[in-house]
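Enquirer: Protein chains in written order, with the numbering used here: chain B, 1 to 1084; chain S, 1085 to 1344.
Don't read these hints as lab results, they were simulated from the structure. Keep in mind that the hints are not guaranteed to be accurate.
[What the hints assert, rightly or not] Within a straight-line C-alpha distance of at most 30 Å, the following computed BS3-like cross-link-like pairs (lysine-lysine) qualify: (1) S:K1146 to S:K1194; (2) B:K852 to S:K1194; (3) B:K296 to B:K985; (4) B:K852 to S:K1304; (5) S:K1335 to S:K1261; (6) B:K985 to S:K1304; (7) B:K217 to S:K1214; (8) B:K551 to S:K1261; (9) B:K858 to S:K1148; (10) S:K1243 to S:K1332; (11) S:K1304 to B:K551; (12) B:K822 to S:K1261; (13) B:K66 to S:K1189; (14) S:K1194 to B:K858.
[Said to hold, decoys possible] Sample of chain B residues lacking proximity to chain S, with all beta carbon distances greater than 10 Å (derived): (15) H323; (16) E884; (17) R948; (18) T968; (19) S1002; (20) G1016.
Just so it is clear, CB atoms sit at the ideal spot from N, CA and C, and this is done for glycine as well.
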Amino acid sequence: MAPDNPEKDPLVNQSLAGIYFISAILLILVFGWSLYDELFGLRPWKDYERLFIGHYRAFLQKEIPKQRAREKAVQESPEYQSMKKQLEDVQVSIKPQLADVQRRISFLDDQLQVVMDRATDARAQVTSQLYQIEHTSARGEKESLLQNLDMFKRGPFVVHLPTEDGNGKTTKKSYDYEQLQAEFVHLQDEKGQLMARQATILRPVSDLRAKTENYVKNHLEGLTVDQIQGLVAKTEAFTIEIRQINNPDAGLVDRCESCHLGIREPVVLTRKDLGGRDKDPRTAAFTSHPDLELLKIHDPEKFGCTPCHNGNGMQLDSVEQAHGEYEHWLWPLYQRENFEAGCQQCHAADMVVDHAPVLSTGKDLFQWRGCAGCHRFQGYDSEPEDVLATGKQIDQLGTERAEKQRNIQRAIQQGDQAPDDETARKFYTQADALRVSVSETDMRIGQLEVQTKNLLMGMKKIGPDLKEVRVKIRPAWVPVWINNPHAWRPTTRMPRFRLDREEVEAISAFIWQSGLDVNLPHQPPGDPAKGKESVETRGCLACHSVGEGSKAVGGWFAANLTRVGEKDNYDFLVRWVHNPRERTRPYCAYEKRDLTEQDYKKHSLPFVFDFDHSKCPNDGHELVVEQMTVMPNLRLSWQDSRDIASYLLTLRQKDPASYPKAPFLGDSALKSKGRVLVLRYGCAGCHEIAGLEDEGRIGTELTAEGSKPLEQIDFALYVGEARREGWYTHKGFFERKLAKPEMFDKGRIKPEPELLRMPDFFEPQSDEVTRGMADLSPEAKEQIVALTTFLMGSVNSQYPRRYFYLPEDLRRDIQEGWWVVKKYNCIGCHQFKVGQDSVLMGLARYQTPEGKDQLPPKLLTEGARVNPEWLRRFLWNPAMNDTETDRNGVRSYLKVRMPTFYFSPIELRKLVRFFQALSSQPMPYIPPKLEPLTGRELEMARALFTSRGAPCLKCHATGDAAHDRFATAPNFLLAHDRLKPDWTKHWILDPAMISPGTAMPSGLFKQAEDRWVFAGPTPSLFKGYGGDHADLLVRYMFEITPEEQRRLVGMSAGALKAGSPKKPGRTVSGLGRPLVSVAAMHGR
Amino acid sequence: MNKQKLPFSLLIVPLLLLPSCGGKKTEVSEQPSEAPSGAQPTPIDQSTVAAITGKVVFQGVKPKLARIMMDQDPVCVQKHSGAVYPEDGEMNSNGTLPNVFVYVKEGAEKYTFSAPTDPVVLDQNGCVYKPHVLGIQVGQDLHIISSDPTTHNIHPMPKNNREWNESQGPGAAPLEKKFARSEIMIPVKCNQHPWMRAYVGVTKNPFFSVTGSDGTFTIKGLPPGDYTIEAWTATYGTQEQKVTVGSKETKTLDFTFKPS
């Protein structure tokens, strides 16, 4: 560098102004940007609030005149006017009385004022003097003080009492102390009386006013004008701010209502109300919650929003983030079709969740599809686990018992060797206490053993018992079915296991060879025509369907019977129809084998095994004595069973002989290969298979599958694709896994035994695997949505347990009862809730007026209707008779049969409690004592029962065969044990209130002042009777004996024979011929 | 006693039958003419109204009907001198069908009709409903009376209307009922006399008619236009025909039913 060219001084020559300037500008811009973001950009909710309040106010203001018009219409109605007139009239009529009382009160007030001042003043002085006297020790002083007090008390106390109201005049009165106090009390008392009188006078006014106000409230939909105006006022005070629900108890901060502003408003808001669908898409956020009833049950201040809906409740930056629909939030908002998943996290213990039909369907399907055969899920099919747990408890108690026994011995020993008697007694007492405790343990163990037996009774398998396969099935059908059940019976719940021919043959051979090889008694043929009639009328169609596809008639709960004739053996089918619970051989879980006749013979016992003979003859262990099916015993005669079986065998689409022969079934070489496959696929989860009775579930537990981290879920080679396509979610996985489980094997290199074992429950049309449900039938899609919803909601909840629905009152009985009701499909025949129609109610046969009377009873108020103890007996044996079982115990006139389910005592208890709880009935039930009928009342009730006016016996059965041909209602003899008197009275007054559509007519009684009287003509005996006629009849019904009933039947039969249209005890005018009198008829 | 009873019964049976015979006559002739008279408050030009008339023929042999056995209630037996047969499926002697409900199913939606003030009467006489088939307008009063000295219960079993079931003892006041929604047809039964059956057709318009013993029907007062007319029978199903009526025209429309 040249020296004369010195280095330039950067301070002088280089300006950074430009850079500074740009930086400054940038800084200002960034500052502006951050300000903008702070105030607007990151606060989109502010716009929502502004938008909302404008629309809302406009809506309310539009609503006011409309509602005013409606209010006016109500107020102009004649009812309202007459009430108003009445109110005014009463107000006028009480005016003089009221004015008088009020005048007297105010006069008394004036007097009281004067007397009160004087009296309280005097009392204070007396009290203070007494205090002084009590605290003075000197006797002399005490006495003089006492004298002073006496003087003071003598008075005189002069008061100027006002004489008349308002004229200012007074009279002078003088009292001594006691008189003054008495006058004060007297005046107070008088005022109290007057006040009470005033209230009595005013009562009709306040009653009428409340009535008119209620009338408007009841006849006006929505809010009153005043209330709406209140809301408008509230909108004036609206401020733009974050609205949040903060419940620290549950660790909950939900700011959803910063945008969803109309959710809880007291008026129902639709998009139309808020400017319409096209105006601004954001108005969609403002609509009311679609089910405000739900918000009443779940107070949002406690439950917030996200526990039910998911999403990121704290986020406000954008819609996507608030809804949790971004990578860093694990719980995105439930989509519309799955939103009921939110109910599951707290309602996992419920089988039926009100307001959540999709979730409830999912819960049903999980059971019905047999998912629990492979996958544990808490609550489902819990009996086997409970049996194990009970066994453990028994073992533990046994150990405790042994230890206690040892302690007893020790205590006795110590007592024996004790140095003195007192110590010895102490040890002996200790030993006695322990002995009692041992007996308590014994009792407990006994209870648990009973419990085990009861649990075994309730243990069911979803699929049929494969031990019976040789007795039941035609061999050629077995491989056809195993290969693809859906192809043979599209509606079956048995899934398709992707098997090749060799595997099919091996499994068939194993199952065939492990089946019992016995011969059932040969059955003579039945009459298929009669059998068809029975299938259609006995109630089979509540669970089974006949006919394919859209022509299927009947329920979905059990198998479609359209092709039964191609597969079943007649002799087996007859036994099955006669009693599906009948087993060929009992199974001993201890010996792990099916017992034979020999086992019983060895102990010289008859080969009899049932619930009364359920102990193993070899070792005393509890046996499995019945088929583990939920199908009940319809108590049909052998002839009916043969007819039905004969009919079922006519149901076939092709000749069973046309099935290709299956010689490999007997190939013993295939058996072990088949066994491996049967174990691999977990067949024993759903079927009883010889040798595999103790096999556990092969699938993963699903109780909390919805909260399993996505990384732990096997998307196999689809992770990338799923992320790209937006189905890397629980929903995306569940839907695809259910639709086509094998898709997750695609591209994987695995040996065959490691391939996914989950079978195909649905049959998608294409191989386009990632499309999820696109290729499924609508029914299949519906099922997958329901199951997905159920699984998505099944999570390890982060909320405290007290938020779950685990009631401990009557509601728990309801919760537990539904599991049993669903397990046995009671809703196939019965209606439990209005709107929930049974399967039978939908069948064509039951649409006609005659058909409707043949429907099983509705159980809408069953708990209030029947005595729980009776119900327990009825549920155990609906024939209500030990020997004649081919009948209905209550409704003998129904063709449809209430079957015997052999409910376990546990289930019976749950069911009885369920019905009682549904009707809010306390347990145990203590029947009220009914006043016995007097002689006259008995005569009256009899006369009424047999009179033309009271047609009771026209419909109610009496046990007389000729009469009961026309009966459509139960026998009165049942009433005493079966019914509750309170319910019975409600029933006879207005049966339609309890069971809409019942054959029992309303209007039999009319109200006369404070009692109910019979609406029709009453027999002459009723003259002068002041009691309640409905009560009389109820009491009579609860007293009827078989003898009394025969007498009644005789009386009405007599009336029938006499053929007289006239009432007994009267004479026909004009003819002068006396007819049979009541007394004469009684004399018979 | 039975011997003594005989002359008395013989005396009283014709007496009881008399009013019921008379009643039947007026009911049948009144029914079709009464209904259309209710069509006053409509924007229909009465000077152009047309009518549809016709008969309902049955093609087939006279069906054999099982006799109704009323012996579970002697009151019912006494009201009849001979055997009683069900009216469902019955054929007139001239080969036509009685009790066919013929009504305008479609085409009258644009007119509104207020319910006529005259009530329709349903009588229970001899444990048989008179008439067997009746039409009524939405909101019109139905008076149910009983001429029997026994207790009946009236139990309509509708699909769209509310179901009720009320008892009516001998000599009880008439029941007054209305139906709020149109419905073809509502079966009515008596649970105590299971053979008793009536059908109520509830329509929004007054354009309906029930065939009588001559098998003819007449629907009057129809404004000109296109209509779908349906004929309903209890046993032989329903049939419909499309028809266009001009101003003041009287169209003839016949229906033919075959055994089901």
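Enquirer: All hints are to be evaluated individually against the structure, with a verdict given for each.
Expert: Structure-based check of all given hints:
Of the pairs offered as hints, the one joining S:K1146 and S:K1194 is violated, with about 41 Å between alpha carbons and a cut-off of 30 Å exceeded. Proposed proximity of B:K852 and S:K1194 is contradicted: the alpha carbons are some 36 Å apart, above 30 Å. For the given pair, B:K296 sits about 34 Å from B:K985 by alpha-carbon distance, which is inconsistent with the 30 Å threshold. Note on B:K852 and S:K1304: the hinted pairing is violated, with a Cα-Cα distance of about 37 Å set against a maximum of 30 Å.
At roughly 34 Å between alpha-carbon atoms, S:K1335 and S:K1261 are farther apart than 30 Å, so this suggested pair is violated. Distance check on the hinted pair: B:K985 and S:K1304 sit about 51 Å apart at the alpha-carbon level, beyond 30 Å; violated. Of the supplied pair hints, the one linking B:K217 and S:K1214 is violated, its CA atoms being roughly 44 Å apart against a limit of 30 Å. Restraint check: the Cα-Cα separation between B:K551 and S:K1261 comes to about 39 Å, which exceeds 30 Å; the hinted pair is violated.
Restraint check: the Cα-Cα separation between B:K858 and S:K1148 comes to about 37 Å, which exceeds 30 Å; the hinted pair is violated. Distance check on the hinted pair: S:K1243 and S:K1332 sit about 37 Å apart at the alpha-carbon level, beyond 30 Å; violated. Of the supplied pair hints, the one linking S:K1304 and B:K551 is violated, its CA atoms being roughly 42 Å apart against a limit of 30 Å. About 40 Å separates the Cα atoms of B:K822 and S:K1261, which puts this hinted pair outside 30 Å; it is violated.
With a C-alpha separation of about 36 Å, the suggested pairing of B:K66 with S:K1189 is violated against the 30 Å cut-off. Simply put, S:K1194 and B:K858 have alpha-carbon atoms about 42 Å apart, too far for the 30 Å limit, and the pair is violated. Once the 10 Å rule is applied to beta carbons, B:H323 is consistent with being away from chain S; the minimum gap is 42 Å. Non-interface status of B:E884 relative to chain S is upheld: no Cβ of that chain comes within 10 Å, the nearest being about 26 Å off.
Distance to chain S contradicts B:R948 as a non-interface residue, since its nearest Cβ pair spans about 5 Å, not more than 10 Å. For B:T968, the condition that its CB be more than 10 Å from all CB atoms of chain S is violated, with the nearest at approximately 6 Å. A beta-carbon of chain S comes within 10 Å of the beta-carbon of B:S1002; the shortest separation is about 5 Å. Against the 10 Å criterion, B:G1016 falls within the reach of chain S, whose nearest CB is about 3 Å from its own CB.
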